[in-house]
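Enquirer: Chain order of the listed sequences is H and F.
Here our numbering is used: position 229 in the first sequence is 229, and no number is missing along the way.
Here our numbering is used: position 96 in the second sequence is 1096, and no number is missing along the way.
Some clues are possibly wrong.
[What the hints assert, rightly or not] Simulated crosslink set (SDA-like; lysine to any residue; CA at most 25 Å straight-line):
| hint | chain 1 | residue 1 | chain 2 | residue 2 |
| --- | --- | --- | --- | --- |
| 1 | F | K1266 | H | M1 |
| 2 | F | K1003 | H | T28 |
| 3 | H | K311 | F | G1071 |
| 4 | H | K286 | F | K1311 |
| 5 | F | K1286 | F | Y1302 |
| 6 | H | K87 | H | N251 |
| 7 | F | K1175 | H | M1 |
| 8 | F | K1003 | H | K311 |
| 9 | H | K99 | F | Q1029 |
| 10 | F | K1286 | H | K87 |
| 11 | F | K1003 | H | N114 |
| 12 | H | K99 | F | K1175 |
| 13 | F | K1311 | F | E1380 |
| 14 | F | K1266 | H | T19 |
| 15 | F | K1022 | H | G284 |
| 16 | F | K1003 | H | K87 |
| 17 | F | K1175 | F | D1149 |
| 18 | H | K124 | H | S156 |
| 19 | F | K1099 | H | S336 |
| 20 | H | K23 | H | T45 |
| 21 | F | K1266 | H | G237 |
| 22 | H | K286 | F | D1043 |
[As the list claims (entries may be wrong)] Beyond 12 Å from chain H on every Cβ pair, some chain F residues (computed):
| hint | residue |
| --- | --- |
| 23 | E1006 |
| 24 | N1054 |
| 25 | H1057 |
| 26 | Q1066 |
| 27 | D1106 |
| 28 | K1109 |
| 29 | N1123 |
| 30 | A1150 |
| 31 | P1174 |
| 32 | E1198 |
| 33 | F1254 |
| 34 | V1273 |
| 35 | E1326 |
| 36 | G1327 |
| 37 | V1335 |
| 38 | D1350 |
Don't read these hints as lab results, they were simulated from the structure.
Ideal Cβ placement from N, Cα and C applies to all residues, glycine included.
There are 2 protein chains.
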Amino acid sequence: MFKINENYLKLPGSYLFATIGKKVNEFTQKNPDKTIIRLGIGDVTQPLAPAIINSLHNAVDEMGTQEGFHGYAPDLGYEFLRSAIAKNDYESRGANITKDEIFVSDGAKCDCANIQEIFSLDNKIAVCDPVYPVYVDSNVMAGRTGTYDALTERWSDVIYMPCTKENNFTPELPKETPDLIYLCFPNNPTGAMITKDELQVWVDYANKVGAVILYDAAYEAYISDENVPHTIYECEGARTCAIEFRSFSKNAGFTGVRLGFTVIPKDLMCGDVSLHSLWARRHGTKYNGAPYMIQRAGEAVYSPEGKEQLKAQVAYYMNNARTIKEGLQSAGYTVSGGVNAPYVWLQTPDGMTSWEFFDYLLNNANVVGTPGSGFGPSGEGYFRLTGFGTYENTLEAIKRIKKM
Amino acid sequence: MFKINENYLKLPGSYLFATIGKKVNEFTQKNPDKTIIRLGIGDVTQPLAPAIINSLHNAVDEMGTQEGFHGYAPDLGYEFLRSAIAKNDYESRGANITKDEIFVSDGAKCDCANIQEIFSLDNKIAVCDPVYPVYVDSNVMAGRTGTYDALTERWSDVIYMPCTKENNFTPELPKETPDLIYLCFPNNPTGAMITKDELQVWVDYANKVGAVILYDAAYEAYISDENVPHTIYECEGARTCAIEFRSFSKNAGFTGVRLGFTVIPKDLMCGDVSLHSLWARRHGTKYNGAPYMIQRAGEAVYSPEGKEQLKAQVAYYMNNARTIKEGLQSAGYTVSGGVNAPYVWLQTPDGMTSWEFFDYLLNNANVVGTPGSGFGPSGEGYFRLTGFGTYENTLEAIKRIKKM
């Protein structure tokens, strides 16, 4: 008789955003007259930029002709896209990453979830608390996290690095030595950032203890401060200790288009085995490439028109984030984030739990946000709102929240 | 110090099609004047059908407008696509599968490779020999296959079901009881088919011994015989023992578009845990949906125009397969497949090994095929050619082979 992977049964509850979706559906069915404003899940709302639309139409036309048709994509992704990435995202920032170290994929979520596969089940992970749930859940499914304590909401074999008001939502080096360290900056969910000097400390630490940093830079387009690194490879020594995940979802609105990439420098070794070769093997065996049309759309992100249009789109969302932050502050809330990141992180008022505030906000303002506790125990008492709505909805949401 | 997943190091050599790619590149560099004809990897060559191109353009236009923009797709896929699949691929064949049992994805290869994750590492797999390499390799990476014996080219913990001339390339029930049984019909690589009565025997067996059949039906569009099932759910009892993988790559030319789906009936249980719920959890946590535009393209596959145009496309490739089969037969080769499948399976002449014939064909006819031994030890002495080339190239390839 076949058996299932019992690790799946250890996962407490359902995926955070699925739970939110269910709650919102229930509310909508009971209150069909209310207009819900969603500032919860990090989904974007602005249409694709004209440069991207043009590129997609051209690629679709190609696919309809004998000469222009493209079948299976090359394993690492098309050279035209990897070149554009290497030039614009790395070379331009003085980061020494070549196009052959870039693996194009259908998004950072999948890559973040799958990367743990190339590591031993014995490896111990360290995560920020609060944290994007995918890092932990994918390790739970693999059986790397030990047992779950419902009281503390923690796994026995995970090293938690609390990100709190006290440390400005930036983690300190862990006391216990981890093998794999998940970091995400600009941070989801807190909107916190890290300076280049602070990140250098992590790179030096990882090289010293023999750990790998799994660096999620999905929100790098939202950085405005000079001293905040856009890629971990701006730090010296990162090529021997860091893997970087990047997304087109937030800088170009590709949440429904699906494109991302992972960088694994060829210097990142475990003895005489390169992690690059392991990931290449996984990519070749278990994945079949991002669509040609969508890789062309990714190329357009780096065109002069694309850059111009997307700069305006990012500014639009950041204006929303500022609107939320300033609106909440003027209403007396304690707020952080929203400067180098599209996420605003607020302290729930009157000692409410995160889920109590979720219900309170849904019922009284018909606004959907994300409970901080859904991201980890240190998120309890916090709440995430995003700048990814429309400006009109964002204004309306703040108006309603102020009225509560 | 971090450690890698040592199972990856057990994989012998590189992924089959990567090896072929390297050999062809080397030949091309040494012989820049030769025109290579590729009938190796199962990649299609015909442009996307007009109904699909139209649908893609419309969806791209939508994505450029505020009202038509689509962000993250629903976890299971868009309802419009799942409905079309349920109606056309299942209801129409008397198979009782509902739209909520369908998980839309970016292709059957990924799903076939990832499905093993929801099962225990203790489960024993059974595979046909020869077989599509992804089934075995994904289990090797997970650590489910024991040790590799280079002499027999077999894994100690895998049950092999030889498919040979003697059994008409259709496996017999294994002597040892497996937990997971991979079956693929119409078969890749042999082009063999299975009748409904024969498949019913497997379904009854799986229900009796408590095994799950992982049924890869990526080539169902190529079926012409009446008694060959298009889906395993045409068999009675399949809802309690079978998972089915389907692809748009070969019926609609989506190898570079990326779309597929997996069916997990809600009756498929392990005790009180449904495999549907486990896969839903995996899908939600480690995947982020197929692009909206591409799900619309999938919908167009089921439109009246789409069906008409794709019927012609399938006929085009099957005409190629027939051309190969008849050409080889008239040249004295022993050949099977090519009737309900786009693959032609030939016995190598003069006692050559599969790789010897690969080199012989490449050097003397400049034609690329796939060595049968790359699919498993029982494939030794065989060779796969595909009908997925252009008609002109297929004719030319046969002309060159006849001249050898």
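Enquirer: All the hints need checking, so say for each whether the structure fits it.
Expert: Now for the hints, and whether the structure bears them out:
Note on K1266 of chain F and M1 of chain H: the hinted pairing holds, with a Cα-Cα distance of about 18 Å set against a maximum of 25 Å. Taking the CA atoms of K1003 of chain F and T28 of chain H, the gap is near 48 Å; set against the 25 Å cutoff, the hint is violated. Annotation: proposed proximity of K311 of chain H to G1071 of chain F holds, straight-line Cα distance about 19 Å (limit 25 Å). Distance restraint check for K286 of chain H and K1311 of chain F: the Cα-Cα separation of roughly 29 Å exceeds the 25 Å cut-off, and the hinted pair is therefore not satisfied.
Distance hint between K1286 of chain F and Y1302 of chain F is unfulfilled; the C-alpha atoms sit about 28 Å from each other, more than 25 Å. Of the pairs offered as hints, the one joining K87 of chain H and N251 of chain H holds, with about 17 Å between alpha carbons and a cut-off of 25 Å not exceeded. With a C-alpha separation of about 15 Å, the suggested pairing of K1175 of chain F with M1 of chain H holds against the 25 Å cut-off. With a C-alpha separation of about 41 Å, the suggested pairing of K1003 of chain F with K311 of chain H is violated against the 25 Å cut-off.
The hinted pair formed by K99 of chain H and Q1029 of chain F meets the criterion: a straight-line CA distance of about 22 Å does not exceed 25 Å. A hinted pair counts as satisfied when its Cα atoms are at most 25 Å apart, and K1286 of chain F with K87 of chain H does not qualify at roughly 29 Å. Distance restraint check for K1003 of chain F and N114 of chain H: the Cα-Cα separation of roughly 16 Å lies within the 25 Å cut-off, and the hinted pair is therefore satisfied. A distance of roughly 50 Å separates the Cα atoms of K99 of chain H and K1175 of chain F; the hinted pair therefore is violated under the 25 Å criterion.
For the given pair, K1311 of chain F sits about 34 Å from E1380 of chain F by alpha-carbon distance, which is inconsistent with the 25 Å threshold. About 21 Å separates the Cα atoms of K1266 of chain F and T19 of chain H, which keeps this hinted pair within 25 Å; it holds. For the hint linking K1022 of chain F to G284 of chain H, the alpha-carbon distance of about 14 Å falls within 25 Å, and the restraint holds. Proposed proximity of K1003 of chain F and K87 of chain H is contradicted: the alpha carbons are some 32 Å apart, above 25 Å.
For the given pair, K1175 of chain F sits about 21 Å from D1149 of chain F by alpha-carbon distance, which is consistent with the 25 Å threshold. Only pairs whose Cα atoms come within 25 Å are accepted, and K124 of chain H paired with S156 of chain H is accepted, the gap being roughly 10 Å. About 43 Å separates the Cα atoms of K1099 of chain F and S336 of chain H, which puts this hinted pair outside 25 Å; it is violated. Only pairs whose Cα atoms come within 25 Å are accepted, and K23 of chain H paired with T45 of chain H is accepted, the gap being roughly 21 Å.
Distance hint between K1266 of chain F and G237 of chain H is unfulfilled; the C-alpha atoms sit about 50 Å from each other, more than 25 Å. Straight-line distance between C-alpha atoms of K286 of chain H and D1043 of chain F comes to about 17 Å, which keeps the hinted pair within the 25 Å bound. With 12 Å as the threshold on Cβ separation, the claim that E1006 of chain F sits away from chain H is violated: the shortest Cβ distance comes to roughly 7 Å. Non-interface call for N1054 of chain F relative to chain H: violated, since the shortest CB-CB distance, roughly 9 Å, does not exceed 12 Å.
Its beta-carbon lying about 6 Å from the closest one in chain H, H1057 of chain F breaks the requirement of being farther than 12 Å from that chain. A cut-off of 12 Å between C-beta atoms contradicts the statement that Q1066 of chain F is not in contact with chain H; the least separation is 6 Å. Under the 12 Å C-beta cut-off, the non-interface status given to D1106 of chain F relative to chain H is violated; the minimum distance is some 6 Å. Not every Cβ of chain H is farther than 12 Å from the Cβ of K1109 of chain F; the closest lies at roughly 5 Å, contradicting the non-interface assignment.
Not every C-beta of chain H lies more than 12 Å from that of N1123 of chain F, the closest at about 5 Å, which undercuts listing it as non-interface. For A1150 of chain F, the non-interface assignment is confirmed: its Cβ lies about 18 Å from the closest Cβ of chain H, beyond the 12 Å cut-off. Listed as a non-interface residue, P1174 of chain F keeps its Cβ farther than 12 Å from every Cβ of chain H; the least gap is roughly 14 Å. Residue placement check: E1198 of chain F keeps its beta carbon more than 12 Å from all beta carbons of chain H (closest about 22 Å).
Residue placement check: F1254 of chain F does not keep its beta carbon more than 12 Å from all beta carbons of chain H (closest about 9 Å). Taking the minimum C-beta to C-beta distance to chain H, about 6 Å, the non-interface status of V1273 of chain F is violated against the 12 Å cut. For E1326 of chain F, the non-interface assignment is confirmed: its Cβ lies about 25 Å from the closest Cβ of chain H, beyond the 12 Å cut-off. Distance to chain H confirms G1327 of chain F as a non-interface residue, since its nearest Cβ pair spans about 23 Å, more than 12 Å.
Every Cβ of chain H is farther than 12 Å from the Cβ of V1335 of chain F; the closest lies at roughly 25 Å, confirming the non-interface assignment. For D1350 of chain F, the non-interface assignment is confirmed: its Cβ lies about 33 Å from the closest Cβ of chain H, beyond the 12 Å cut-off.
The structure is inconsistent with the numbered hints 2, 4, 5, 8, 10, 12, 13, 16, 19, 21, 23, 24, 25, 26, 27, 28, 29, 33, 34, although it conforms to all the rest.
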